[in-house]
Each structure stands twice: as C-alpha cells, then as structure tokens.
Amino acid sequence: MRRLRVQLTILLALLGLLVMAWGATIFLGARDAARNSASVQLTVDRVDGLRQAATRLSRDFVTMDTSRRAYLLTGDKATLQTQVQAEVHASEGFEQLRRLALPWKGLPPLVERVGTEYRAWVRTGRTEVKARQAGAQAAARVAAKGFADRQFRALWERQTRLEDELAQRQAAYASSQGRTYKAAQTLAVRTAVMVLAAVLLIALYLRRAVGAPADALRSASGRLAGGDLGTPVELGVDNELGAVASDLETMRRRLAGRMEALERLRHLSAQVVGATSLQRLAEVVLDGLQPEIGATRTILGAARPGGDLVLRALAGFPDGGVADDIVKADADIRELLPMAALRGGQVVGMANLERVASSPTLHDLVARTGVRSLALVPLLSRGRFLGLLALCWTQPHPLDREQEALLGLAGNQIAGALEAALRLEEAERAAGEARAVFYAIADGVLLTDPFGRVTAVNRALEALTGWTEDEARGRTYAEVLPIAEDQVGGPADLVSRYGRKVPVTVSSAPIFDARGRVVGGVDVIRDVSKEREIDEVKSALISTVSHELRTPLTLIHGFAELLVLRDMPVERQRSSAVEILDASRRLARLIDDLLSVSRMESGRLVLDPRPLDLGTVVERILSPFRAMAATHTLRAKLPGSLPVVWGDPDKVEQILTNLVGNAIKYSPGGGEVLVTVEHDGDSVQVSVRDQGIGMSPRDMGQLFEKFYRVERDEVRRAGGTGLGLYITRRLVEMHGGRLWAESWPGVGSVFSFTLPTSDELAGSGR
Amino acid sequence: MKLLIADDEPAVRDLVHVTLEGDDYEILEAADGVEALEVARGEGPKLVLLDIMMPKLDGLEVCRQLKSDPDTSDIVVVMLTAQAQERDRDQGLAAGADDYFTKPFSPLALLNMVERVRQTQSQAD
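Just so you know, the protein sequences line up as chains A and B, in that order.
Each residue of the first sequence is one higher than the one before, starting from 1 at the first, in the working numbering.
Each residue of the second sequence is one higher than the one before, starting from 1001 at the first, in the working numbering.
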C-alpha cells in the first residue's frame, strides 16, 4: 500500500523543491545576467580600447605618411622630425595594440599582418628618406617608382580591416549583453510554468487519490448507514482511504453475512417449527445449517427425564448402521461429552476428533462414521437441558466465533422445536395409548358430541350393538344404544341391532374441555351376562347345597321330633332311628364331599404320590364292600404282573371306592361288579363294570357335573351327594389320568380310568 | 282324607308317612312334578304337599297348574321346601299355594296343619 501521508509529504516536498528551484532560477538568472552584462561591458570596453589604440595607430600612420611625403617634397627637416616622432609613436602604438589583441581570439594574426605591412612600409619609407637626403632627384626617382605609396595603401587596407573587425566585435558583444537578459527572462517564465504545471498535477492527484475516494467513502458509509448491504464498497485506490474502504467492505460483508445468517435462522426457525418428528427436525436443521457452517451430518439426542442422553435421530449419514455403532459406543461418548459446559448452554467445538478420541472404540467409531470434527450445540429451553445437537464435518473444522454465536442462536430455535416435537411425540404416544385402550377395552365404550351424536365406538361396543364404528358415527345415541334413560347408570337390557338382548350396566360421564365446557360424553357399557350367569350359577349352587343339606337335616329333625314327641311302636322307633342314622351319614358325607370340592377348586388339595401296587389297593377296597353287599358279587381281574404306578394311596383308594360304590348303588338288582386292571403302554387302565340300571345318553352328558344325580327313585333311595363322580374325575385328572364311562340302559355301565406308570404327575396342585 | 306328598326324596315321603300314620289319611306319593300333577288330577286329593325342587317340573309350576285348573283349584296346596328365603315364600304364595313349610319342618306342626285342613274339609262336606 502506498501511504497517503508519505505520498503527500513527498508531493509537498517536491512542490517545495520546485518552488525553491524556481526562486533559485530567478535569482541565479538575474545574477548571471548582471554578471554577464558586466563582463560583456568589460569586453566591450576592452574592444573599445583596442579600437582607440587602432585608431591612434591609424592617426600615427597618417602623420608618418604625411610628414614623410612633405619631407620628400621639401626636404624640410622639421617634417622629417615629425615623421620620426610619429614613427616612434606608431611603433609604441603598434606594440600596445599587439599587447591588447593578444587575449582575443583571431585578432593577433590580423595585428601581425598589419605589423608586417607596417614594417615593410617603414623600410621602404626609410629608403626614400635616405634617397631624399641624397638629393631631390634621387628622391624624385624613388618617389616616381611609388613603392612606399603602394605599401602604405596595403597597410591602410590591413589597418582598416582590423578596425572593421574590432567594430564588428564590439557590436557583437553589445548585442550578446542584450541576449543574456532575454535568456534569464525566458528561464524564469519556463520555471513558473513548470511550477504551475506541478501544482496542477498535485491538485489533480489529490483529487484522484483523496477527493474522489473520500466522496465514494462518504456515499458508501451513507449507504451502509441506510441499511443497503448489497452494494460492495470499492474505491480502487491503494492507500489509507482504500484500506478504510476495504475495512468498510469487510464490515459490509460481515453484516451482510450476519443478515443472511439471521435470514437463514429465521427460515430455519420457520422450518423447525414445522418439524413434527425428531427425524424430520434433524433433517431440517441440517438443511438449514449446512450452507452456513458447512457441516454435512447431524446427530440429535434427547435427554431422558433422568438426564441421560439418548440417540434419537441422524441426518446426512450415508449408512444406516451408524446408529447402532453410536449406541454401542454410548459409554465412551458419554465420557467424551463436556456435559457441564453443555448444560451451561455453551456451544462446544471439537475440531479434531481423531486427537480427542480417547478409546479404541471411539477411534473405531470416528473411522467408521467418517466424522472428523463436531460442534456440540446444547438444546436448552428455559434453562432445562432438553437434548444435544451434534453437527459433524468430515474434515477437521475449527469453529470460529461467528459460527459459535450462530449455533448458539440456532440452538435456541431448535430447542423450542425439540420441546414441541417431544411434547407432540408424548401426546401422540398418549393418544395412541388411549386409542389402543379405547379399542382394546373389553367393555363397550361410546363417545358422543355435545349434541348426542356418536363420534366413536370401540370394538366391544360394535360387538354388543351390531353397529360398526363407521355406521354408528353421526347417528344419535339412542339409535346405537337403545337403552331407556332411567336405566343409564344401572343394570339395563341392551337390544342389539339384530335383536339380541344383552344384560348390561351403563355408566356415563361428560367430557370437559380445559375451560370446563362439556364437549361430549363417554358411555361405558359392560356386558354383564357373564356376571349374571355366574350369579345365577352361584345362587343355584347355594340353593342346591342348601337343599342338599336341608334334606338330611329335615329327616333328622323330623324323625327325632317324632321319636321324642310321639308314642310309636318299637318297630317304628327303630326304623326312625335308622332313618336318622342314614340321614346323618349322608350329611357327613355331603360335608366331606363339599370340602373336597372346595379344596380341589381352590387348589388346596395336594397329592402325596408314591409307588403303588394297584392289585393290593383293589383287593383292599373290595373287601369291606364284599362284607356289606349281600346281593352283589365283587370280583377283581388282575394280570400276572403289573407295573408300579405313581399315585396318592388315599386318593386312588377314594377313586376306586367311589366307582365301586356307584356300581353297587346303581345295580339295585344285584349282579356282578368286576374290577379289571390292564397294562396299556405307559399307563395302567382300571375299569369297573356293573350289571345295573345303566344310564340314558342324556344322563351321560351331565354325569361328571357337580350335584348331578340320575333322577330315579331307586337311585335317590340309595342316597348320594351328586358330588362323587365330579370329585373322582378331578382326582383322576390330578394324577394325570383320564376318567370316562360307557353305559347301556338296563344292561349296566363301565367306568374306566387311567393312571400313569411314570412319575410324571400332571398338575399335582390342581 | 286323600292327600298327596310330592317329593323326590323317598326319605322325606317316608317321614310324612310316619307323621300322618293312621286310618284317617290315604297318602298318595309322587317323586317328581309330572307324577304329582298326574296323581293330583287322577286321584283328586284334598291336600297336596309339594316340594319345590323336583325333577321334571318344579313344585311352583305344579301349584300354578293345579290352581289354574278349575277341576283341581280347590285342592289345598302346601309348599314344602328347603328354600327358606323370603323371595321363595313369596314365589310360592304368588303361585297360589295355601301354606308354606320350610325344611327342616316340624312333623307335628305339619300334622296340626293337615288336621285343620281335614276339619275344614269335613265341615264343608
């Protein structure tokens, strides 16, 4: 850069020098002119002296010639004398002339030529004089020859030429003196013109180097002040003003950059606001920031309620596996992150990850993802740390202050969007949950608007009413759910679209908005047919049990009262006592059976299995029956060898006793009861066959249900709780076996069950 | 006097037999509701003792049918049941029963009731 001050200094110095030169020129010119004039004057004077000397010499020559001629004519001595004196005078004058002419160029030869003629003339003169002295005739002859006259004429010519020369020179010197003055004047004028030109040039220069740029600067700064950042500031001068302009230009560019960045930020904030998912947010952020800072990838993490960061979205990565890699390196990344600074809201740059990566895992990650540097932008909303945005470069990239500031600003925008997106996500999740609950809930749910029109129904309600949700939407409540108003809130009968009647309970509630206005209603319709059924079963069971209990009680009470209060024959007394005894036995058995059933159904009946020899068990239970039964033949058919079965001895005995007891009970006419034991694969099958009354197919269907008893008098008379076969079947099943029956009315029945031979007892706790 | 005891429990029928033992009563028996209706219609007893829980047709229905039939509506119907709840009593009376005995019942109270019916009947005759 050429420094303006230096330039101006140089210019002023030059100008000063020029002025000084001008002054000097005028001074010196004047002095020279004066000096020249003096020297020319001197020369002119000297030439004048020469001319006077020459003139005097000429006068002497004339005197000599005149006196010599007079002498020659007259011989007058006085004239001779005059001639001699003049000759002396002339010689002196000549010598003086010669001396004076010496310094002058070209004059001495002229003088010498005059001298030569002079000397020749003098000699001839002297000869004539001598001749005169010799006589007047001699002299007349000599004179007649005329040598001396001719020589004088030659001398005179020479002398005249010399004088002319001198006169010419004198004139030349005089005119040269005038020229000197003129030259000095010309010089002064020229110098003045030069100075003027220089001043003009300097003015021009100043105009160009200072004035125009200053104007341009003024207008540029005015433009900048007026907010015009689009026009570049350019002066095209290379000096301080140029530097100012270039600074202004830099400032303009920065401001324009800032404005552009602000514009981008505004755009970014408009974009991020619209990002409803975290993935979309990451993409939008990358799109918005990439032109600004050059990062090509982003990683977005959100903080869990506990504060832990969780990877939520990636953008710009070419490979989908990066997410897994990042998650795998989670612990190492956590160690690397300067969480304290980030939580404080500070943007942190990591210019060279390869240098920062502390562990092999991180090195691996850096190599695999191709990310070389990071800018970590904390996302804070109202001081709460919501998440972290990492902008990634594939080259080492140190973050400058401007980018840092920009990212800080962008971070605020993104944090707001992140918060909204997280909230939306949470709301959507909650809504999804609510929707899933709504549709999956087993009770029918119906939503209505404030005008009683259906807005939604769930699957259960579709099943209950027969209306699909699409059909039901927009219809009135009463159409879809025909239930009388007074039944709402309590039990009701719902008649479906297709006429099916379902007992339900309805509970309703209004739906309020945030301001407490009713925006709809919700009705929950519970299908209570199961509950009703259970209630009915329960009350039937209670009434059955109470009936079963009261019947023997009635007998005991009745016969006892008769015994006490009535006189009866002894025979009748005895039979009454037997009735009481039977009834009380039946009562005891009933209570036992009820307890067994209760224990089995509540899972409190536990088997105590051990190896059993079925043959021994069969024989053991048969013997008391043999003792009691008079009309029945009890027989066991056992194979030669039987595998050991696993079972609870008491329970297996109970099973067998029940079946054999039933066989006797239901063959009131007597006959054979045959117990067969067979080995069949990995189980042993036991069958009890009788020749009794048999059962109808209808009875067979309900045979193993609780309290089911074949409705025949002889059976009733035999007594029974209706629980025996139910208990028996449950006991067999607890052993992992199976119980079934075959029967032919009037012919007899066969009850068979299996017991496993292995120790794999199924469901010993059931 | 003819009376009918309808109960699916033979022992209960025995008890009624023993209670009313004597020459004054001819005791008919039925083990289920259908049989009870048949006997009541065929034999024309003055009094029917009806168990409620009976196979085929329950006592309430038997009572209702007897009372709705002009031929049998004069028969005095007394319910004998193990169901002691108020609701059951009301149901029985609603079905047209004249009286109600809850099991376990007192045989002598039953006897008294039957005697009263007999006297009423004999006065009417």
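Derived by calculation from the structure, the hints in this document are not laboratory data.
Please note that the accuracy of each hint is not assured.
As the list claims (entries may be wrong) - Derived SDA-like pairs: lysine to any residue, alpha-carbon spacing no greater than 20 Å straight-line:
id	chain 1	residue 1	chain 2	residue 2
1	A	LYS665	B	ALA1011
2	A	LYS77	A	ALA136
3	B	LYS1056	A	THR124
4	A	LYS665	A	GLY694
5	B	LYS1056	A	GLY701
6	B	LYS1067	B	ALA1011
7	B	LYS1002	B	PRO1070
8	B	LYS1056	B	LEU1020
9	A	LYS105	A	SER176
10	B	LYS1056	A	ARG698
11	A	LYS328	A	THR361
12	A	LYS538	A	SER496
13	B	LYS1056	A	ALA540
14	A	LYS530	A	SER496
15	B	LYS1056	B	GLU1026
16	B	LYS1056	A	SER696
17	B	LYS1056	A	LEU541
18	A	LYS105	A	ALA120
19	B	LYS1056	A	ALA136
20	A	LYS145	A	THR124
21	A	LYS665	A	PRO649
22	A	LYS328	A	SER358
23	A	LYS77	A	GLU95
24	A	LYS130	A	THR66
Predicted model only: the values in this text are computed from it and were never measured.
Worksheet item: Out of the numbered hints, which ones does the structure contradict?
Response: 3, 6, 8, 12, 15, 18, 19, 21 and 23
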